[in-house]
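Novice: Residue numbers (this note's numbering), protein chains in the order written: chain A, 1 to 316; chain B, 1 to 733.
Just so you know, the hints here were simulated from the structure itself, not pulled from any lab data.
Note that the Cβ used here is the ideal one computed from N, Cα and C, for glycine as well.
Treat each hint with caution, since some may be false.
Residues of chain A placed beyond 10 Å of chain B at every Cβ, according to the derived structure [stated by the list, open to error]:
# : residue
1 : 11
2 : 25
3 : 62
4 : 65
Ranges between beta-carbon positions, derived for each pair [what the hints assert, rightly or not]:
# : chain 1 : residue 1 : chain 2 : residue 2 : range
5 : B       : 425       : A       : 31        : 44 to 52 Å
6 : B       : 456       : A       : 39        : 47 to 55 Å
7 : A       : 250       : B       : 413       : 39 to 47 Å
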Amino acid sequence: MRAFSYQRASSIEEAAKAAVGTEGAKFIAGGTNLLDLMKLEIETPTHLIDVNGLGLDRVEPTPEGGLRIGALVRNTDLAADERIRRDYALLSRALLAGASAQLRNRATTAGNLLQRTRCPYFYDTNQPCNKRQPGSGCAALAGFSRQLAVVGVSDACIASHPSDMAVAMRVLDAAVETVRADGTRRSIPIAELHRLPGDTPHIEHVLERSELITAVVLPKPLGGKQIYRKVRDRASYAFALVSIGAVVQPDGTGRVAIGGIAPKPWREEAVDNELANGAKAAAAKLLANARPTEQNAFKLTLVERTLSAVLAEARG
Amino acid sequence: MRFDKPATTNPIDQLKVVGQPIHRVDGPLKTTGRAVYAYEWHDPNNRYAYGYVVGSAIAKGRIKSIDVTAARRAPGVIAVVTSDGVGELKKGKYNTAKLFGGREIQHYHQAIAVVVAETFEEARAAAALVKVDYIEEKGAFDLAAAKDTAVKPEEGGSDSAAGDFDAAFETAPVKLDQVYTTPDQSHAMMEPHASIAAWNGEELTVWTSSQMIDWWRTDLATTLGIDKAKVHVMSPFVGGGFGAKLFLRADAVLAALAAREAKRPVKVALPRPFLMNNTTHRPATIQRIRIGAERDGRITAIAHESWSGDLPGGGPEVAVQQTRLLYAGENRMTAMRLATLDLPEGNAMRAPGEAPGMMALEIAIDEMAERLGHDPVEFRIVNDTQVDPENPERPFSHRNLVACLRTGAERFGWQDRSKQPGGRREGNWLVGMGVASAFRNNLLVPSGARVRLDREGIVTVETDMTDIGTGSYTIIAQTAAEMLGVPIDKVAVRLGDSRFPVSSGSGGQFGGNCSTAGVYAACIKLREAVAQRLGFNNAEGLVFARGEVRAGERSMSLAQAASDEVLVAEDRIEFGKLAETHQQSTFGAHFVEVGVDVATGETRIRRMLAVCAAGRILNPITARSQVIGAMTMGVGAALSEELVVDKERGFFVNHDLAAYEVPVHADVPHQEVAFLDETDPISSPMKAKGIAELGLCGVAAAAANAIYNATGIRVRDYPITLDKLIKGLPELS
Ligand SMILES: Cc1cc2nc3c(=O)[nH]c(=O)nc-3n(C[C@H](O)[C@H](O)[C@H](O)COP(=O)(O)OP(=O)(O)OC[C@H]3O[C@@H](n4cnc5c(N)ncnc54)[C@H](O)[C@@H]3O)c2cc1C
Ligand code: SF4
Chain A
1 MRAFSYQRAS SIEEAAKAAV GTEGAKFIAG GTNLLDLMKL EIETPTHLID VNGLGLDRVE
61 PTPEGGLRIG ALVRNTDLAA DERIRRDYAL LSRALLAGAS AQLRNRATTA GNLLQRTRCP
121 YFYDTNQPCN KRQPGSGCAA LAGFSRQLAV VGVSDACIAS HPSDMAVAMR VLDAAVETVR
181 ADGTRRSIPI AELHRLPGDT PHIEHVLERS ELITAVVLPK PLGGKQIYRK VRDRASYAFA
241 LVSIGAVVQP DGTGRVAIGG IAPKPWREEA VDNELANGAK AAAAKLLANA RPTEQNAFKL
301 TLVERTLSAV LAEARG
Chain B
1 MRFDKPATTN PIDQLKVVGQ PIHRVDGPLK TTGRAVYAYE WHDPNNRYAY GYVVGSAIAK
61 GRIKSIDVTA ARRAPGVIAV VTSDGVGELK KGKYNTAKLF GGREIQHYHQ AIAVVVAETF
121 EEARAAAALV KVDYIEEKGA FDLAAAKDTA VKPEEGGSDS AAGDFDAAFE TAPVKLDQVY
181 TTPDQSHAMM EPHASIAAWN GEELTVWTSS QMIDWWRTDL ATTLGIDKAK VHVMSPFVGG
241 GFGAKLFLRA DAVLAALAAR EAKRPVKVAL PRPFLMNNTT HRPATIQRIR IGAERDGRIT
301 AIAHESWSGD LPGGGPEVAV QQTRLLYAGE NRMTAMRLAT LDLPEGNAMR APGEAPGMMA
361 LEIAIDEMAE RLGHDPVEFR IVNDTQVDPE NPERPFSHRN LVACLRTGAE RFGWQDRSKQ
421 PGGRREGNWL VGMGVASAFR NNLLVPSGAR VRLDREGIVT VETDMTDIGT GSYTIIAQTA
481 AEMLGVPIDK VAVRLGDSRF PVSSGSGGQF GGNCSTAGVY AACIKLREAV AQRLGFNNAE
541 GLVFARGEVR AGERSMSLAQ AASDEVLVAE DRIEFGKLAE THQQSTFGAH FVEVGVDVAT
601 GETRIRRMLA VCAAGRILNP ITARSQVIGA MTMGVGAALS EELVVDKERG FFVNHDLAAY
661 EVPVHADVPH QEVAFLDETD PISSPMKAKG IAELGLCGVA AAAANAIYNA TGIRVRDYPI
721 TLDKLIKGLP ELS
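Next up, chain B with everything else stripped away, as it sits in the complex:
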């Protein structure tokens, strides 16, 4: 199905199942431990062996020699695989650094060997016996130091401009010119990367933890130099990913190579420290923002430049993305520059671009409002735009930022915010409120699905879509139930298997909208097949409801259509030019209240509110879960999360969950989420948009602004830890 005209009324609009607060259908499996995750697959006919990865001990250089003699002799060891032994491997399309390092070391903890043994413990012990002789080379690890060497990235789109920024900024009566920094961050999801690989002759099956089945399948085939058709990838349950599992990772490659060598299925999980230094992370940024405005608050000039670093061949963190679209202003420019750093590979983490970009932009907006003497909510409203400000002939498909801000201000009690920073004190707490807009683009990715109807009237959906904890199983079941007029318990959903039609996968907050739109397309085909089978040829006003198909007086049971033979329909949603003619984005407003301990500078969040305008909400329970999870991640970004770079030794030092501090329960206060009741027919037949990343974009800045409101101390360098506040806090008696 090609989607190139705005959606009109369709079966989804009935909202009998879609849009209803239905608890996740896979919930009982997960709460009772029956959902099988990658590492847990177990076939009693298989004798699994265990692989343990050896990572490079240096950040940059060469391997002079690897001595595996002692490891090979260790108890239980079946095989030791080094890149020497397997020859030069190709690199997958989506990988920047090699997943199995050769003689050249590109980053710390790059995989250089895998030890296979009868038990996990034996493999781990033997891995420690692998002796490696390195020739260390100097590398670049410090973004601030490398900033001046940064260049315009090769792929296009790094710069944009409209009007004459320099002239307009020069003459603006009120101006801001500030630099903000965001640190490297780790996805830090619960389930580490893990894979089991099994060969059957030339055929390879991999049970893994992947957000994007087809990307993994393709890149695994490329890396191993085998035919994609011979690779089968399974990932029905994923314990979180946040982008860390978008791209093929070392566990799958090492498991496949190890299994070939050991002639047995092999399990490989990456130990926790490898998450930080072996896989990808969100790159740090340095961002300069300049804003000029008239005294009435209208922005006349806005510029956003961002610097980030990556390994050669990598890309920039697209932190200026939102600034091209979020606020009005005739004269504007954005630019991104990329430095070469020899740290582990930077790549997508939840809301790549907007997450760090909004961390900077929304502080700048707060600062500008203050300079103008305007309320930060009103300042944002004054600068709302209904068209793409760089291309004013291009409207937004649907944009209701203003309502988010107004509704939020009302619900949060914004009018009680002290106008004077440091003006509200409760006991030992300095209390402040902050606001930020939320903004994240709505991305559209083709997505396929297959639906079958059997004689019991059970509808089975198959798609390689993944559920990374987001609720895909549930909203897909809702979609099929709505489309075919059956209760949700008559729908079975099967995901995360490369034998199923290729879907959008889970990423970029496109999964919910796109994968259900793909299921919609397949269901339309199935409805046609059902109608034909039941003899409703060309019937107008055909209704699928309560397990029946009806037209006028005539009604038949749905199951009847499959009485002789299972009915199967497959289709794929493809998106036409609507994304070019219309800017599609999602909007919201974040409100945060903090307390800052007047003595120590410890910041504790007191309450948070997000108001979101993101098209149709397919399921308010799963959508809310996404938003509160994202808000929590935003608390981490604001207050504690930072991969600390050792600039001498070239690696992320705090590489475990004790030292990389994500928020714990005690950090997460009262959270409220509101969704504006809206649809976006330009986005998809579901009239939905993304929600999962929107919930993160702006949260940290709202917290930063609240800290400023509480203390009068403006911190432009995340995370806002107490050491950055303590010197500016009031004298104690």
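Excised from the complex, chain A in its bound form:
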């Protein structure tokens, strides 16, 4: 870990200003991802701006009938929130399927969205990795890629996005609210938050360097049957091989987003339209452009079968 300076911001403006004014500055929320990466010098911020004191830790109703989730709401608190459990059960389940109780107590809504990949080569600074060190190559392509992505990948990087929460947010069409250093605010649909790797896998999202996430907004409840199914090697405390978030209405229409198979929570509207025709058809559409490695090709079958189980559960 490199030495860094530390500042506890007391207002959103102060945080955003500090970020733009200090080269190498980064926000820190729960720190459960950032600190690990700093210890390994995968992230080397020179200045940390602690955003825990900004009062962004509330869940409030919106005039549209949805909920505004403060960026600093802890995963544990969000999963336990009565309104989330009642109206967005999928989100609560996704959160509880992630990490461990101790980590969820620290982890925040914004931090969870921006957590970085679990590709093992990304974590080993001796290995080539385009995401960590642009241009150095991708060791995973010919190496251990069982956990990694099959869609949305590029020749430069096949990393998968590890978040469970983000998959649920994608199904729910959440929007990410931010503030920039000049004080301007914007709202980014979750579908547009993360970028695909292309030739620049080190650029993972559309936020500017000093842009602070203040909240994630959920539209009004969708109703329907809400399912989050996470498939993993052990029963708990493991990242998803494949996960499926689904909302299915009584008439069989619905939406699904898939985790563990792409650099971002994966959802295609065309696939949603195929759901009524069953898992096989929907999975075929979803995976039409898949580019698996030998080691993770099983995910194609796994997506189809898990989707089939999810749709059966929704019907049942």
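Put chain B with the ligands on the given structure of chain A with help from the hints.
Specialist: Chain B with the ligands alone, transformed into the frame defined by chain A:
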């Protein structure tokens, strides 16, 4: 004390303390954080410095240059030690690769420098500034690819044969010929390797985390080129080891070198990734098993061959060991072949040999039973043997495998198992049951102890035995209490210090039996000294009970014997030829029920049972803990544990506990353990045997067999992850 005749009745047989369910005596220290582990030793008079290890970034090759200029200039840095600076170090007897690499790199993360600073954080930051220029060489990293280059290992014992296997197999009416693979595995214990070293002139003291004090002491002296008498090793508490701490490791060597350079005590802990690539691991195996049998189920021919790899100078994984002994059959052969691999050093991990060997053999037995149309429990029973099948004149000291299988089948409800694979479904779960025998040899290692009695009647035991979470403190206290007739709270046990008599140490499941037998020997001497001091010369029928010594009408308090002067006795148990005349092994049966998700192929264990026949159980609580811990490790071996080899770059990729998946609580279901009530007087005066590794041997195969029973899919390649099942699962509607 030389143990060369079977034990007769002795004070241990009273079982007033030994054999009782006594909670571990060091429990309160551990649950309240007062047990001091290696890295935590703190003497306020010392200013500790912190060392951070630099590991090789390549798997094989040479170092062209190391530039430590930037590291030396970094804040807080006291010293940077590279192997260039300390000259050529010797290699310890038990190490295959060098613990401090020189110009030549033998494996990934081999230690090549240690940076010493005022704080841990400064040392770590400076370590990242060490610049190394390598010349990379091609290496061999893929066991399957290297298999054909494997050779007969140099040390003997790699092959065995009896009868004429080839002829008998050829003519057997029912046959099996299959290949099984087991992956590299990591010990993945909680406490990483850690040491503090302090020099006092020429004298070196090391607080470390070691299973074998004397091996460490000897190898540390050898490595540093100093007199063993000048080395003092302390390791009273160990946060798990599973074999990873049998042999001296880099943390101790680097701490000693760093402390010499820094002229201060230095702490060095190996970061978690170093556990996988810097220390040892259980080597992967490829195993071929052939079995021929008569239609009535009797095995007539059995062959087990195993291939594994290691660095030059290393040894094979002895995965065929159990097949020489477990089942009858007149015609048999085993063989082990060793390939050269440039991966980190392979070495012992809990039940070396039998753990991976049983993973293969016990699937093969299940497959064979199916081919014969026999019940797998009955098939094993039919092929029981009471003698070493390769040397039939050599009986087992005590063998009750059959009772384990029968008791287990009864308790587990084996009769409810579906005879048809894939025949039982509950909701989305395909449910199956599997069985495997458990087998692990009982090893005997000399062990010494010193006992003292003071005027308060307190008995203090000192031995360099270690407690790696197993319960040594407790069973040693029980032994001394039984022998001297005092309550357990009158016994103090001091372990893990090289100033104490050399013990068996903790390994190979020999520690429990052997170290208590050593304490027994010392206590016999102390009893003699007490008797003499109290004037019970040559008294027959002397009884030590309730803090008193009694013969007939005469009775004196035990403490009285030490009223003038502390009484001290020291002895060491040594084992004679009984291990040659009798095959000593431990037995059991594992039963596992699994559910396999019909859609995803996720396997979840539903319940497990182990029935063990392992001689006298010295303490049913600590023994059960060992067995359920081992069963849990077996779940990992069956379902998730694999060090993944990057065959291009030559290292274990998943080198942390997020990616190397050991079971978590949610994976560990209802576990039951039963011990058969037995003694083995041929093993030791304690009449006990090992238990800690037996609990692992066979578990993974029982799970594999249960998965087969649930799904009809036979996986012969561990771990059995869902990607190996998913193609064979039923069509979904
Ligand atoms: C062992 C382990 C297992 C895990 N298992 C799972 C799992 O199964 N599923 C899962 O989904 N996750 C899992 N996680 C990941 C965990 O959910 C994330 O680490 C956590 O959500 C990150 O949140 P945080 O608040 O701690 O983020 P931090 O570590 O504080 O920050 C992460 C990133 O977000 C940025 N950031 C934080 N807040 C803001 C903000 N307001 N505006 C802009 N940028 C911001 C930071 O600068 C940093 O780059 C696991 C983590 C660990 C360590
Ligand atoms: S997949 Fe991406 S993160 Fe992994 S090694 Fe390749 S470039 Fe790096």
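Novice: Indicate, hint by hint, whether the structure satisfies it.
Specialist: Results of checking the hints against the structure:
no. : hint                      : verdict
1   : 11                        : holds, 30 Å
2   : 25                        : holds, 19 Å
3   : 62                        : holds, 36 Å
4   : 65                        : holds, 35 Å
5   : B:425 - A:31: 44 to 52 Å  : holds, 45 Å
6   : B:456 - A:39: 47 to 55 Å  : holds, 50 Å
7   : A:250 - B:413: 39 to 47 Å : holds, 42 Å
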